Structure formats: structure tokens, C-alpha cells
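*Asks:* Letter by letter, the chains look like this.
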Amino acid sequence: MNNTLDEVAEFSDSGQQKSDSRSRMAQGLLFVILTIAVLVAPFFLYPVFVMQLLCFALFALAFNLLIGFTGLLSFGHAAFFGGAAYFAGHMIKVWGFPPLLGLILAALGAGVLGLVIGSLAIRRQGIYFAMITLALAQIVYFFALQLPFTGGENGLQGIPRGHLLGVIDLNDPLAMYYFVAAIFMAGFLIIYRIIHSPFGQVLQAVRENEPRALSLGYNVDRFKLMAFVMSATLAGLAGATKALVFQFASLTDAHWQMSGEVILMTLLGGMGTIFGPIVGAVTIVTLQHELSSIGSWVQVVIGATFVVAVLLFRRGIIGELARILRLPSL
Amino acid sequence: MLNLILAQAMLGLNNGVFYAMLSLGLAVIFGLLNVVNFAHGALYMTGAFLALILYSYLGVWIGIEDLHINFWAALIIVPILIGALGILIERTMLRWLYNFDPIYSLLLTFGITLVLQGLFVNFFSASGTPYPGQPESLRGVVDLGFMIFPKYRLFAIGFSIVICLAVWFIIERTRIGAMLRAGTENPDLVKAFGINVPLMVTLTFGFGTGLAGLAGVLAAPIYSVGPLMGADLIIIIFAVVVIGGMGSIMGAVVSGFALGLVEGLTKVFYAPAANTVIFFLMVVVLLVRPAGLFGRQS
Numbered sequence: 001m002n003n004t005l006d007e008v009a010e011f012s013d014s015g016q017q018k019s020d021s022r023s024r025m026a027q028g029l030l031f032v033i034l035t036i037a038v039l040v041a042p043f044f045l046y047p048v049f050v051m052q053l054l055c056f057a058l059f060a061l062a063f064n065l066l067i068g069f070t071g072l073l074s075f076g077h078a079a080f081f082g083g084a085a086y087f088a089g090h091m092i093k094v095w096g097f098p099p100l101l102g103l104i105l106a107a108l109g110a111g112v113l114g115l116v117i118g119s120l121a122i123r124r125q126g127i128y129f130a131m132i133t134l135a136l137a138q139i140v141y142f143f144a145l146q147l148p149f150t151g152g153e154n155g156l157q158g159i160p161r162g163h164l165l166g167v168i169d170l171n172d173p174l175a176m177y178y179f180v181a182a183i184f185m186a187g188f189l190i191i192y193r194i195i196h197s198p199f200g201q202v203l204q205a206v207r208e209n210e211p212r213a214l215s216l217g218y219n220v221d222r223f224k225l226m227a228f229v230m231s232a233t234l235a236g237l238a239g240a241t242k243a244l245v246f247q248f249a250s251l252t253d254a255h256w257q258m259s260g261e262v263i264l265m266t267l268l269g270g271m272g273t274i275f276g277p278i279v280g281a282v283t284i285v286t287l288q289h290e291l292s293s294i295g296s297w298v299q300v301v302i303g304a305t306f307v308v309a310v311l312l313f314r315r316g317i318i319g320e321l322a323r324i325l326r327l328p329s330l
Numbered sequence: 331m332l333n334l335i336l337a338q339a340m341l342g343l344n345n346g347v348f349y350a351m352l353s354l355g356l357a358v359i360f361g362l363l364n365v366v367n368f369a370h371g372a373l374y375m376t377g378a379f380l381a382l383i384l385y386s387y388l389g390v391w392i393g394i395e396d397l398h399i400n401f402w403a404a405l406i407i408v409p410i411l412i413g414a415l416g417i418l419i420e421r422t423m424l425r426w427l428y429n430f431d432p433i434y435s436l437l438l439t440f441g442i443t444l445v446l447q448g449l450f451v452n453f454f455s456a457s458g459t460p461y462p463g464q465p466e467s468l469r470g471v472v473d474l475g476f477m478i479f480p481k482y483r484l485f486a487i488g489f490s491i492v493i494c495l496a497v498w499f500i501i502e503r504t505r506i507g508a509m510l511r512a513g514t515e516n517p518d519l520v521k522a523f524g525i526n527v528p529l530m531v532t533l534t535f536g537f538g539t540g541l542a543g544l545a546g547v548l549a550a551p552i553y554s555v556g557p558l559m560g561a562d563l564i565i566i567i568f569a570v571v572v573i574g575g576m577g578s579i580m581g582a583v584v585s586g587f588a589l590g591l592v593e594g595l596t597k598v599f600y601a602p603a604a605n606t607v608i609f610f611l612m613v614v615v616l617l618v619r620p621a622g623l624f625g626r627q628s
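Top to bottom, those sequences are chains A and B.
Quick note: the first sequence, position 102, residue 102 per our numbering, numbers continuous.
Position in the second sequence (first residue = 1) + 330 = our numbering.
Because the hints were derived from the structure by calculation, they are not lab data.
For clarity, every value in this text was computed on a predicted model and none was experimentally measured.
The C-beta atom is built at its ideal place from N, Cα and C for all residues, glycine as well.
Possibly wrong hints are sitting among the right ones.
[Stated by the list, open to error] Facing chain B, from chain A, some residues (calculated, C-beta under 10 Å):
#1 L73
#2 F75
#3 G126
#4 G260
#5 F306
#6 V310
Just need the whole structure built from these sequences, with the hints factored in.
*Replies:* Structure representation (C-alpha cells):
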């Protein structure tokens, strides 16, 4: 009991409050920078490239909700990213759904997939959790490869962008860009809200000390599963949006290598930070873009980056920045 | 129909050889190091490539065109080389992560997988190169009564069973194995007895990866040698390990062979499910017995 009281006292300590408010100011500043960057980017960079960045950044943010704030390493997130791309593609192209409805339903579909995979995977902990999610995601991959309506190796091509709310023509690059930007910002704010809600606090308690959270009366498995479903839904939103941008749901989006890439983005940017996954995603996608001329050496570079990040740089870019600036979170 | 079933069972058992040998190595490493070696599949692939290189390329590279280091020599040389590579990985990288969450070592070995895979994709055809060095004595076929079976594949099944039993014997019945098991239970106490635990850890990792190299050589004459041959395999191996439970050596071997068999039989009854049947079995095991068939319930 004394312990808890001490911690409460420590928490309300004025030093803590000061660094808390500094942290909040820094976060606010970064948020303003992010918003401005997202708004003006298409005037300086190729819009499709920026849209790709935003989709992967949202994917990494969704993934971070799980690894960074719940402490669960999913090695199967490509199943939600790629799966939702196929869902959206099929609904929009074959069933003629409007784009916004297609994206939302695809994200929800990924959430249902997350419910199935998550409820199986949380039966084991730690390293087994990672292996199980990887194996289950492989089932989704084989479905994407073998089912009659997925286009097999070629993927699902020629998804029409259509009209947003029946009015705005998404074939216009700028209209499409601001639609994607709005989805990204909405996703970012939802995740920020989840992290800072009482629910998010419980998730972090589970990450820090699972037995203790359990002993305090929290149904740990249910919290883990809810976090998993939310993360899967948002990862699905990112994948579905990417499919609409490129008008193409590709098999590589569902491949285990994609699950690995999103881990790397999050790790490199900073697991458990708020802005890290965005920085990580931008770094990796830009790297792949710039290095595309060296062909399959890209994979070697990505692998080596992984090794270096794990060995020397576990806090990630934003995590290191926060440490240097002595901020508790960024 | 019965003949067809038996024939597919034999082919399934043949895949089971590699499931068993790889999950065995993974289990040995996990037992002592608490590390899940994602690079196990990539090291198996590297082993197959080394066998190919020793036979087809090395002679050309060093200017002696007639030099073909044969299969039997590769069966000894390659596991040593891969084991040495494993030791290098453990000494220079993996050991720095023992104090952190085990997911970091999984991620490290994942990165190593990408590097190895990327390197071989650059130098060799992604679709695979056949290994021409299959020994003369193992060419041809045997009539098993219900099917004609390649002699080499029969050899591979027999050889791997011998290897698996030998590893089981070393770990469960010898003094070295006893030290290893003690190190798994309580490394500090074993250290207090004057046993060099860090060295034991390094050698165990080398041994486990050496087994992956051996499996690679064994696979070279059966499958075509390609950079991606280990990638999809490692995920199946993970499922095998989840089904069997990583606690026991015998569990890893038995579930490896058994799942190969199941996969083969699935080809008879519903071929499209053959890719995924092991993963679905994993789901069933997770629902019924989450610790795995041979795992200790915690």
C-alpha cells in the first residue's frame, strides 16, 4: 500500500509536472509541424509518393499501438494491411461500392480478421505470440494467392477510385491526396486519443507488468484483444487506402516481408513514441524509393538496417531525440 | 487409392525430414538461449547453396575447372561452415541482446535473414538452380511395392532419422547433454560448478545452426537450390514448433515428421489445403492444448 502511495506522490511531484508540460508543448509543436507538412507536401513532392508515405505511416502507427503501447509483437500485420486491400478492392471494383464505404467496411473486415487471429494468438505469450501471428498471417497470404477472385500472383488490378460522397472526383490527384491526408490525420488522432485514454493507460500497465495488471483486477486478455482488434482495424484502413491510391491490391502487401517492414519502421522511428512510427515509415519508404535502382540490394540494406537498429538503436530516432531533450514522451 | 495414399505419405515424410531437422535445431537453441532463431531457414538455404558452390562453382572460381567437391564431402564441410557462421553471429551480435526482451533477438535474426536472402538473390537465380552433385550410388529408384521411390529420398529419410536420434541421445543421455539441460534450468548454478556457460551457449548456437546447414545439404539434390527456399519453410517450422511445444527434443522431431506426413496426405484428399493444413492444425492445437502437444503446461 505504501508503495502505491509513494508512486502517487512521485507522480504529482512538481518536477514531473514540469517535464510533462514540456513534453506536451513539444508534442503540440510536432503536431503543428506534421499538419503543415501534410498540407503542403503535394506542392513539393510527387503526390502519389506522399500518399504512399502516409499509408505506411498510418500502418506503422497502428502497429505501434500494439508493440509500443501494449508490448505485443505481432509478426502478422501484413494480413490486415494486405487483407483489407483485397476487401476494399473487391467491394469497390466488383460490387461497385463507393470509395469511402469500401474503405470503412474493409477496415472493419480487417478488424474482424484481427478478432479471429488475436483471440488465438493471445493464448500464448511473448515470443510464441509473434510466431503464432506469423503463421496465421500466412493462411491469409495463401488465401490471397489461391482464392478464385483475388487475381493470384497478379493481385487485384484496376480498382476504380470513383467519386467521394458522389461529388468529388478522386481521379483528380489533389482531391485524392487530401482525401488520403484526411484519413491519415483522422487515424493519427484516433490513435493519440486511444493512447491517452484510461483504456490506453491500462494497456501500458499490461506492457509494463502483466502479472501486476492482472492482480489489480484487470482482465488482461480482454485488453490485449481489444488493442489487437483496434490495431488490426487501423492497419486495415491503411492497407485499403493504399489499394485505392494505387488502384491495385498486391500480393506483396499480404506477404510476411511486409509484416517485417512495418516492425522495422516502428523500431527505427521509436517504439512506444507518438511520432516515431511516422518518422520510421518516411525513412524506410524513402530509402526504398531512392535505392530502387540497385535492385535486390535494397533487401540487404533493409536487413542490415534492422540489425543495426536492434543492436545499437533500440529507442529509435524519436526515442533518442526524447532522451536527449529529456522529455518523457514524444 | 491405397497406393496413392501410401505414395503421398512417403513424399510427405520426405518433407517431414526437413521439418524435423530444422525444428530440432530451433528447439536445441531455444532450450538454452531462449532465442527463436528466425535465420534458421536462411542458414538452411545458405547450406544448400554452399553444397552447390562446392560442387559447381568453387573450381571455376579458383581456376581448377575439374574440381567438384562431392556430396559426401559437403555433408561434412558445410555443417561446419554454417556452424562457424552461427558462432560468428552469436559472438558478434546475438550475445549483446541476452539481457533484453527475447523479441529483440527474433528481430535481429530476422534482419540477418533478409541480408542472407538478399545476397543470394543478387548472385543466383531466384527461381533456383538444380544441384548436379547427387552421388552415383544414390541415383535411380527403388520399388517399394506400392510405388517407385527415388533411392536418394529414401536415403534422406533414413539419414535424418539417424541424425535426430543421435542428437536426442547426446542431449538426453550423455554428460555434455546433462550440462546443457542443467544450463537450461539454471545457468547461474551451472556456472558455480565451474562450467563455462557462455562458451556452452556459443557452441550450442553453432551446433543448432550446423544442423540447419546439414539439412540444407540434404535438401540440395531434392529441391532446386534457390534464395527463397528457406523463407517459407521457416514459417512452417514455427507452426511445427508451436504445435509440438519447444520444450522437448523428441517433441520437435516427432511433430516434424508427423506434420510432413499430414501435409502429404492432405494432398490426396484436398490438394489446395496442403499449403495451409499445418497452420490450421496449429489453430486446433492452440484451442485445445495451448502449450503444445509435448509442451509443459504452465
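*Asks:* Hint by hint, where does the structure go against what was stated? Just the numbers, ascending.
*Replies:* Violated: none.
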